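Colleague: Based on the sequences and whatever the hints tell you, model everything.
There are 2 protein chains.
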Amino acid sequence: MIVSALLTSVGINSGLCVLFFNLYSILKKQPEYYNVYAPRLLVDGELRMSNSFNIERLIPNPGWMRQTWELSEDEFLSSSGLDAMVFMHIITFSLRVFTLSGIIGVFVLLPVNFSGDQLQDINFANLTNNSLDLFTISNLKNGSKRLWVHFWAIYIITIFVCYLLYYEYAYVSSKRIAFLHSSIPLPQHFTILVHSIPLQPRTNINNTVENFFMEYHPSTYLSHLAVGRANKLINRNEVRAAFVSFKSRYAASMALHMQQSDNPIEWVTEQAPAPHDVYWPFFYSSFMQRWISKLVVVFVCLLLTFLFLIPVLIVQGLTNLSQLEARVPFLKSILKIAFISQVLTGYLPSLILQLFLKAVPRIMKFLSSIQGYISRSEIKRSACNKVLWFTVWNIFLANVFSGSIFNQLAVFLEPKNVPARLAVAVPGQASFFIAYVVTSGWTSTSTELFRLIPLIISLIKKPFVKPSSTDEFKAPTFSYHVHIPRVLFFGLLGITYFFLAPLILPFLSIYFCLGYIIYRNQLINVYAPKYETGGRYWPIVHNSVIFSLLMMHAIAVGIFTLKKLPLASSLLVPLPVFTLVFNSYCRKRFLPIFTGYSAESLINKDRDDINEDPRMAEFFNALVTAYQNPALLPKHNNNHETQSSPLLSTVQV
Amino acid sequence: MIVSALLTSVGINSGLCVLFFNLYSILKKQPEYYNVYAPRLLVDGELRMSNSFNIERLIPNPGWMRQTWELSEDEFLSSSGLDAMVFMHIITFSLRVFTLSGIIGVFVLLPVNFSGDQLQDINFANLTNNSLDLFTISNLKNGSKRLWVHFWAIYIITIFVCYLLYYEYAYVSSKRIAFLHSSIPLPQHFTILVHSIPLQPRTNINNTVENFFMEYHPSTYLSHLAVGRANKLINRNEVRAAFVSFKSRYAASMALHMQQSDNPIEWVTEQAPAPHDVYWPFFYSSFMQRWISKLVVVFVCLLLTFLFLIPVLIVQGLTNLSQLEARVPFLKSILKIAFISQVLTGYLPSLILQLFLKAVPRIMKFLSSIQGYISRSEIKRSACNKVLWFTVWNIFLANVFSGSIFNQLAVFLEPKNVPARLAVAVPGQASFFIAYVVTSGWTSTSTELFRLIPLIISLIKKPFVKPSSTDEFKAPTFSYHVHIPRVLFFGLLGITYFFLAPLILPFLSIYFCLGYIIYRNQLINVYAPKYETGGRYWPIVHNSVIFSLLMMHAIAVGIFTLKKLPLASSLLVPLPVFTLVFNSYCRKRFLPIFTGYSAESLINKDRDDINEDPRMAEFFNALVTAYQNPALLPKHNNNHETQSSPLLSTVQV
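Residue numbers (the UniProt record's numbering), protein chains in the order written: chain A, 1 to 653; chain B, 1 to 653.
Some hints could be false.
Heads up, the list lumps identical chains together, so a pair's fine if it works in one copy or across two of them.
Straight line, CA to CA, 30 Å or less: simulated BS3-like cross-link-like pairs of lysine-lysine [stated by the list, open to error]:
no.	residue 1	residue 2
1	Lys461	Lys358
2	Lys416	Lys564
3	Lys29	Lys564
4	Lys247	Lys605
5	Lys358	Lys462
6	Lys474	Lys365
7	Lys175	Lys365
8	Lys29	Lys294
9	Lys564	Lys145
10	Lys605	Lys564
11	Lys588	Lys294
12	Lys247	Lys416
13	Lys588	Lys141
14	Lys336	Lys247
15	Lys530	Lys365
16	Lys588	Lys474
These aren't lab readings, by the way, just hints derived from the structure by calculation. Keep in mind it's a predicted model, so treat the numbers as computed, not measured.
Modeller: This is how it looks when you write it as structure tokens:
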């Protein structure tokens, strides 16, 4: 790819972004599009459906950006929840990383690369005709002393990223603890889910649970609710699971952390999700069901990841039009039209591929849902993990190690050769990934702002829906499992290409700037926080960044060996070791905070309740029936329930 | 190796065993050797030092075997403890495995191997002149249909071993739970160790601990004892650790399982060991000390394992005598004597190697002791793990992949090639390992019975020690970290060579029969159970057997590919997958039982105490001072302590 081609792409995509921004700033002021651009505010009743015409409504202006920008972190946290804050922190973390690495990359590494003369001579007369490869590390001669600049840059960035990771982990941890301290009494803090309850002859599940907890937790046990299943078809006789509530958060947490029965796969305890977060359709109640479904899902995920290249290959068959003509003769005349033929060979395969990729988060979410997670938030979190590794494998590694599936697998069956293979393959894809950031990154984020598909759906629905029927209308929830893997993947690109092709960094910084303003805006106006994991996405982010660093180190070791600088390769080896030790420390220091709360916090929080006695009595009354399966309740009863205990349906801090 | 050479070796070693057995049965009846052959009974006062002469004392007889055999499992358990029972179960488990595999091996696989004609023709006229290789799988032609017999044998043995593993894990688990139920109140059940206590200004550690536990566990906290350190040199100001005792087992267990502080690396809790089991010299009191020393020890262990070949290479330099002659000329005349030269070149290298190997358990125990374990029993358990993997690497794999260290490492950096490399190398070592079982296995076990070194030490000491001074005399403790890895290593040999060279199986069965009678006898008469892990060696055994099975599968896949039977290779692949899934199930089903006790057990056990009120009051009084560092107490005080609370020093069930 030459510089002018990149500039063209940047031009087109910048134009698209500006267009979307302007269209957005006009359309969002039209009350008939409030349901597309501010559904959350609409549901909350913060927007009036005024139809009074005003000339200002037709002029694009960036006022919405200022509003988005001005909201403080605490206000954002209290309005959008901890998960949204964690998501925004991925972006600010990346911005910080790519500001420093961008400065080093553009002002130090880029001139160094450019000054090499391994490739062709630089065409100073017509700069735009130079290949992009002139700006990459490939332009330095073997054994060049200038490679030591890259060596030091890698050390500096690794240490900087680790420092930031530590700081962010500590910050998110503190927010998670503060989240407990500042929350009103929530049912999930007082309740655990017990499953794999052993069936006893001549008694039912209710008596079994009651006897067990009255026997072993007499002073703290409050009540229980056996899990009811709506779908009678997959009911095996009785559901062997129950939500058990306790009189204090500490008591619930103790029952959660202690092994209850001598047999560790009976009376298995699990943190209860918020009542409206429970995912009822696949509610496995025995250990074996869960364990086997988890094994099957892991197997299917691996299969899916490796077999994804098959549709890619089939789709690429489309490029061979002569075969198609031979089989469907009447297409011959149509295919002779140059434009149609170009679309079929040029765009269709990549379009179909994109559609397949779009389907991946849905498939992964479905797989997570049958894996035995009991809450929607955990299903999304698990799907997020699956989509992330699928993306890393199928976009990064499959692009890098192009070839058959077995070729790719073979690379990892010979780990010794991984750095060498990476060093050969990764720099070659630099131009592709720079273009990927500009096209897929910039434009997809702007499309997220413009909400193209919801806009089209709304336009189609319009004639059939009464304008004032906002009763049934619900604000959408944010698809963390779609967006987090995408943002993290751009982070991976930035870290691995940082020293190879620093030209990618300014484009990435622009992407993260766009992402910051757009996602913040959408999380405030569009998406409602219905349920959440309490910040449990951050460990995924941490692991992904650590993986990116290790990837960078492996590539660097390979590159320095390839460039005949073996001393630099050897001196780099302590860096991945340091990174792994750092990661192990963080796992000890912070990870436990994301799996439960401490005795100190829970006991202090329980003591605060004593000052609010009447409110607590009301809360405990509501708690007894909080975990009823809504599908088993009469409709009016269900509504009544929600109205009588607003406490129980609140998520926010 | 030819059959006659093996028979010679079997003859010599059988002779040695018979000799040791006879000498033992005479010497053990002599009162002057009671301190060597029955020190435990001597200390317990079960033997009288009668000097009356009796002609029967000079006649060898196998009566001691009958006594050893007749003791029931429950009697053995109550006299020698759970760890000794687990050790004996490794042997009985192996005996069961090698009985079935011996029958299949000798009556099915051996004739099949023998009937092949890949190698030379069988010399029926003089059977003893045949090579041992005729009895191995190497004697079958490529693509031979008879290899399917081996295929099915592998399936049958894998399933049988997994069934037995499950059965044994369940049995040991049930014994561990029963151990709690039948035990008298023990200090370690009521106590936890808290370390990494945050230092607070203007207060001491005692107040800090008291305030914390009075604040968060007011109803269950009993007392605490800050850890005192005898060695003032490594004292950093105050030791930030304390033993905290509770009023019930359940309360102690809850404090153990809950994260106490918001910062997971402060107020870290750990199960307290028995008071006399505490290892005081390296008592790290902060998380960072422990974490760093653990990292360092892991690194040193890896280094030691890989660098062990260096002394081997240096020692093998001895075989090059001409160099030695050139440097030390006056040795020339001595070295010309054939016998001395043979000893130097033939035996000395292997002797020095054996001495190095003998040093390994000590080194590993030392490494475990500085790793941050707080009890002698856990130090031994951790050393057992280290010695096991060291043995597997340096005896099995280093023998198999002879060559430089980096050659060995390279094999594992290319995991794809592991089965092929194993398939080529492992069968070649069959004769060596058959001889190893006979020489090292049989004779070392008989030496254990005869207690050669303690006998020599006793003979040397005799003139200087008064015969009646039994006050200071202590019975030795059993070195689990020496014997368990050895027994497990023979198990690994048996499982991996089962289908390759079934001739090894009868010799192994004899080894385990000898081991059963000898170890049982020694655990009853010689070794006193002073402290124990409560059966926590079994998970190590389980893992080692699973590893052996996977090793067998890898070799089998390689062999079938090498022998041009690719279908059998492919059909074997489900077997390691099944084994791993089985292992994962066992980890869920049984492993939690070995890390703590269930709420059900603890609460029931606590309730039993209510019936024994006066005894409990006495117990709690003693508990308050149970965890004092004996080095900090005046000597008489220490003795007084032990006498006043015999409850606290009891280990047995």
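Colleague: Give a verdict on every hint.
Modeller: Hints, verified against the model:
1. Lys461 <-> Lys358: within (23 Å within a copy, 82 Å between copies)
2. Lys416 <-> Lys564: both (18 Å within a copy, 28 Å between copies)
3. Lys29 <-> Lys564: neither (61 Å within a copy, 75 Å between copies)
4. Lys247 <-> Lys605: So lysine 247 and lysine 605 pass the 30 Å test inside a copy (13 Å) and across (25 Å) alike.
5. Lys358 <-> Lys462: within (26 Å within a copy, 85 Å between copies)
6. Lys474 <-> Lys365: within (21 Å within a copy, 64 Å between copies)
7. Lys175 <-> Lys365: within (27 Å within a copy, 43 Å between copies)
8. Lys29 <-> Lys294: Neither: 47 Å inside a chain and 61 Å across chains, both beyond 30 Å.
9. Lys564 <-> Lys145: Classified as within; 10 Å inside a copy, 52 Å across copies.
10. Lys605 <-> Lys564: neither (61 Å within a copy, 69 Å between copies)
11. Lys588 <-> Lys294: Intra 26 Å, inter 13 Å, cutoff 30 Å: intra and inter.
12. Lys247 <-> Lys416: Neither, since 56 Å and 56 Å both go past 30 Å.
13. Lys588 <-> Lys141: neither (44 Å within a copy, 55 Å between copies)
14. Lys336 <-> Lys247: Neither, since 76 Å and 89 Å both go past 30 Å.
15. Lys530 <-> Lys365: Classified as within; 17 Å inside a copy, 55 Å across copies.
16. Lys588 <-> Lys474: Answer is neither: 41 Å inside a copy and 42 Å across each miss the 30 Å cutoff.
The earlier numbered hints that this structure contradicts are 3, 8, 10, 12, 13, 14, 16.
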